[in-house]
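Visitor: Here is how the chains run, residue by residue.
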Amino acid sequence: MSHAQEHEYNPADPHGFHEDGHHGHVIVPWQVLLGVLLALLFFTVLTVFQAQFEKHAVYQWGWVIPGWVNIVLAMGIACIKGGLVALFFMQLRYDSGINVLLFLFTLFAVWLFIMFTALDLNNRGHITEWRSGEVISGGSGVGFGEHGASKGRVDINSAAGPVYMRVKDNYIAEHGIEDYEAHGHHDDHGGSALSDAWQSRSHSGLTPGLFSTGVWEHLDDGHGHSHDDHGHDDHGDDHAEDGEHHDEEHANDDHGEEEH
Amino acid sequence: MTATLAGINDFVIKLFFGQKADSLVGSGLGGSDAVFLFIWWVSVFFFVLLMGIMGYCMVKYRRREGVPAEPSPSHNTPLEIAWSVIPSLLLAVMFFWGFNGYMKAQMAPSYAEQIDLIGQKWAWSMTYSTGIGASEFTTLGGNNNVPIFVVPAETPVRLRMNSADVIHAFWVPDFRTKLDVMPNRYTPYVFTANALDRSGADDRVQTTTDKKGNEYAYRDHIVYCAEYCGDSHSEMVAVLRVVEPSYYQTWLNTPPYGVTTEPVEVGALVWQAKCAVCHTVDGGVSTGPTWKDAWGYSREFTNADSLTQEMIDRDPMEWDNYIRESIILPGAKVRAGFTNAMPSFDGQLSDVEMRGVIAYMRSLSDRDPGTPIPGYPELEAEAAELEAAEEGGE
Amino acid sequence: MTTVDRNLDQLGDHGHHDEGSYLNPKYGPIATVWDWMTTVDHKKIGVMYLFAVLFMFFLGGVAALGLRIELLEPTRIDETGNLTGAALSFLAEGETVSQAAVGQAYNRVMTMHGAIMVFMFIVPGIPASLGNFFLPLMLGAKDVAFPRLNLASWYIYVFGSLFGVFSILMGGVDTGWTFYTPYSTTTTGQPQVIAMVLAAFILGFSSIFTGLNFIVTTHKLRAPGMGWFDMPLFIWAVYSTSIIQVLATPVIGVTLLLLIFERVLQIGIFDPGLGGDPVLFQHFFWFYSHPVVYVMILPAMGIISDVLAVHCRKRIFGYRAIAFSSLAIAAISFLVWGHHMFTSQGELAAMVFSFLTFFVAIPTAVKVFNWIASLYKGSITFTTPMLYVFAFLFLFSIGGLTGLPLGTLSTDLHLHDSYFVVAHFHYVMFGGTVIAFLAGIHHWWPKMFGRMYSEKGGALGCALVFIGFNMTFFTQFFLGTQGMPRRYASYVDEFTLLHQISTYGSLILALGFVVHLVVFLHSLFLGEKAPQNPWGGLTLEWETETPPIEHNFHHEPVLTHGPYDFDEVVPPGWDPKDYPLPEPTPGGHKH
Amino acid sequence: MASIDTHQPALPQPGKEKVPLWQRYTHGHHWRNADDEFDGAKIGIWLFLATEVLLFSGMFCAYALFRLMYPESIAAGSGYLDWRWGGLNTVVLLISSFTIAMAIRNVQLNQQFWARINLLITWLCAAAFLVIKLTFEYIPKWSDGKRPGALFDYPFAQHAHENVWWSIYYVSTGIHATHVIGGMVLIAWLIYRQGKGAYGPTHYTMMEGVGLYWHIVDLVWIFLFPLLYLVH
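Protein chains in written order, with my numbering: chain H, 10 to 269; chain Y, 88 to 481; chain U, 1284 to 1874; chain C, 3 to 234.
Be a bit skeptical, because a hint or two may be false.
[Unchecked claim] The calculated lysine-lysine pairs, modelled on DSS-like cross-linking and capped at a C-alpha distance of 30 Å, are: (1) Y:Lys147 to U:Lys1309; (2) C:Lys198 to H:Lys64; (3) Y:Lys147 to U:Lys1860; (4) C:Lys135 to C:Lys20; (5) U:Lys1660 to Y:Lys147; (6) H:Lys64 to C:Lys20.
These are computed hints drawn from the structure, not numbers from a lab.
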């Protein structure tokens, strides 16, 4: 670079090298970049609007929207946004083929990863239904200390029960059931009642005879057992018709558990 | 010719497996033994072919000084296509045949005998439809308390398997199939054991008499845990005892113990079935503390207040409670010098069994209720009285 | 323009005529060490990698010997609590031990063997050592694309390995190298397990950087005139390997990260007790660890292709088929991870994965057929590298064919997690990769260190390794089919004989490596000086001096012939009198 | 990448201080020319981005699987999040992506002042993202007891696996936030080097690389946002 000063710099062709077919140096017009930004912001608004509109339509107008609509629309918009970023901000549109190929192959690998894993984990119960059921035992979860793990590492097998029940019991023991109920459910659970697509497969694996201890009764409450009157199927329908009923229903349910 | 081939096949099977498969999944036309033989012959063919050509070339085309290598084609498309396509067809056969056999090991008819199986560090336990479990034990390898599980011959059996801690795998090599035992869901182990050959040709078929005096024929198969599960992984074995279906029904309806059995006897059985992997009763070292001379002694814990002699002397029941708590929540009190390795047996022991374990531990201690606890003979008498009343009430 | 112009002027002239061998110490001893530690020269980094991975191979091998000796006899405890039988019982003499304590010790050594061999030896093994040294040389480049990244990758490798060694010194881990949950998240030994998982995590970066470097180097730094199909097959293999390294390794990164979170914070993604799923871990794990099996074997296949061609003086048969089969294996390797989980996954996934698994057999078989066909009408020598090629063809064929009953669903239900699997992957990984590694080391030893080794010693070592290996592992096929599960510290009495043969075989195997060590040390210090091109190779690394100069070539090489044109070209550094060429036949060349 | 050649002739002394750093840059000696080096570096960066995408794919996979297994817990968990903060963060990241693309354009055109402004805006946006995340999301949620796995301590949960949801939420956004922090360090380095005049029309490899990295961070968030905040 001893003669750097002689180098006449040409903005349109900084290297004078465009004839050799390499793609590295493209100066994207600012209008394009700004346009892409605006498009991205527009799609962001659109995807939020779509989600909110769907929620509104279900609650206020009682529309029945299949569960897949939501995810397909949201992911579709995200893909468009991602495509815009990749093509213009990341300049894949102007880039050499190898980088484009690389990016596509990467996405293919991601697709493979998720699809094949889902193929297994979501298809366990074809032959024997109880294969897909859920039994909680083993691991570290058979054991929880007094308050979640807030007191340090949880000891294996020192206590038993699903975390959320234990946490609730602790709260009630500490503050009383009235306080618990008064606290209510201030959080927005909005989306949870949209369609029946969100419901778990029935956990048909449990046999009361095999595990007749207190732990498992907790699980029985409201988790898709056919014999359970307070199953979530019912909740779902209730909410779809009457959003206000929501909190009361759950509080009753919880109270019921308390009496066990 | 056919007979010779069959003889060679039998030899190959004997060489690899020791004997033919003892279940429907393994034997028969669609069984895995047949698939294995098919793969064996394909492999032998290709291996001999390739090594033959290699050996021939090694001799024929070895380097001679001053003689250049003869020119030869650098590729041959028809040949290359042929050696890609022909193996592919053979592979397709393997896949379909293998898949067929695999499905047999997954599917059971609706009338199959269903038995619950729990895998746990480091023992297997079965619960039959009548609520009973293994009642006899044997020695296998380094494990002196290997449970014997009785199963019927010629009857489809489906084990509903579940693990209480980590992943295990239930493998009966003689049945040629295994499946993982998962902590968060059930998995099925399906088999139909072949009939007992009572002609005397099969020296594994033997006859014995059970505790009730019934004579029965049986054939034993070893069960291994095939998924690595820790310290005593290699001792996590069991024996699957195949019996005649008729005897199986008899056995099923004669529980090894009931409410009238001596609690100490029940406790000893439970110990063999579930506890012997980690707890010795002769003072020996193992994963967990020994039960010999344990009951009634003070204990230090790593994660709880110690059980002092004073507390025990005040109320010997403290020790009984400690046993009970440790069975249900093993991590609540971990004895000093040991790690928290014990899985929870919550829900696995009936009241009878729980009481049996406590009674058995008492009987192993030199401080058991028979020996007056120094200073508190009247309390001790009261406790014994209470226990007697309780037992009488059952 | 000037940047470009100045360098265009230099094209074909690297301008380092007076340089010496890259091995020459230029300064004082301390400065030389410093020079090596801060070098960005791919050759020095390759050599440093070679010694590092061989050291790890030694550590893992010692652990393996320990395992085999422990398994010489089944472990039994007598009434007094003393170990009987086990060959290592003298370690616990006079102490009362339990079966579980023996198992615990065994499991730690077993994990140490697996983790060291997989993460620290065989994955980086060939690509990072021989690949680093020879990939730029074979491409005619001065260096890899990102030399400093290359050095960083070596340091990351050392750093990661230190974590692994630290974990072992802390008492070791008993998770098995697969870290299956929930065992790995609940077993005792918090600092060791986290250290070992971190080690694997960190080593992943080293692997990614190496792979990334090689891909860019292959794309951008080929010598003028070298098209994709003029590259030696070793490059194709390393290139395919690199693709897998780059795409698969990040997934093990996030998996191990989650495992660490699981142990430290109990986040429960893999913990069944908290709602997680242990099989999800297996999917995550094998999404990396199956492709990585091909990271282990593909470079070995590349070595075999090159070494075989040179020592037979024969154009490799079906060059394109071998090149494309490397890429095909790399691609298919991402589709078949589920065959490690036939006993834990659902029926549908098992069916799909079994079906796809057979596809990977085709390109592998094609490669073997092509190698065997390349022997036809060759001029075969029996040098040590070539002996290893024959050993490879023999052992790898067994390894490949025994994969068939493992890919077939019904037979795999029996063989899964048994000694059959152990034998199978040792036939592929040891009989394939390590044997090919040895072939490659012997083949390129003169080029790397400028000294010849003793052929007799090499052949003796090869024979011992071959015999010892077969004794050790062929018996294990029978152990597996008869019902011996893997990772057992003890066994029932019926298996004793086969285990004993296996253990004695492993001692012979170890002896073979000792012989090789002696041969190499002898060569380094007393070996005769190597000529530029001892075997008559045609690839570019033989065109430079032996050992190569610091910047590889005096002039940028321009490719004038293919890598395997043995019947058309007199090899560089050879007198045409010593290398008679056959009569040219019309149309008989150009792949 | 940068030069490793120690054999480069010394630059002529007169006028040295007037020549900006980027014009004095010489490519690595093992490259044929600067463009080859730039292309090679770009392939390298894209390969690195591929590893980033696959790293995140693990979390996407975990999300997808637990959504299939425990739909109501995941939907309920999503309900706890406020789309307004998520949306604001999306906008912030999109703007930062735009500004770094503009910064590269400025450097290509040798508009050093504007490049500096754009880089600063990018850095500030990144910081704003983290501040919003921390003050309005992590801290309130954590103190409510909405924590991952065994740490879960929220007494008003309705579903058995809400702790799994929080595990996914914290881990995926946590890994993303770590990448944002990494990006901030890199952008700060860019600002420092740019101030020294290191980047110009003939040499801006580092800018291009960091820019691409920053875009991938944005890209991941574009997918995380609807998955975590909007999908129910």
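Visitor: Starting from the hint list further up, note which numbers the structure goes against and sort them upward.
Guide: 1, 2, 4 and 6
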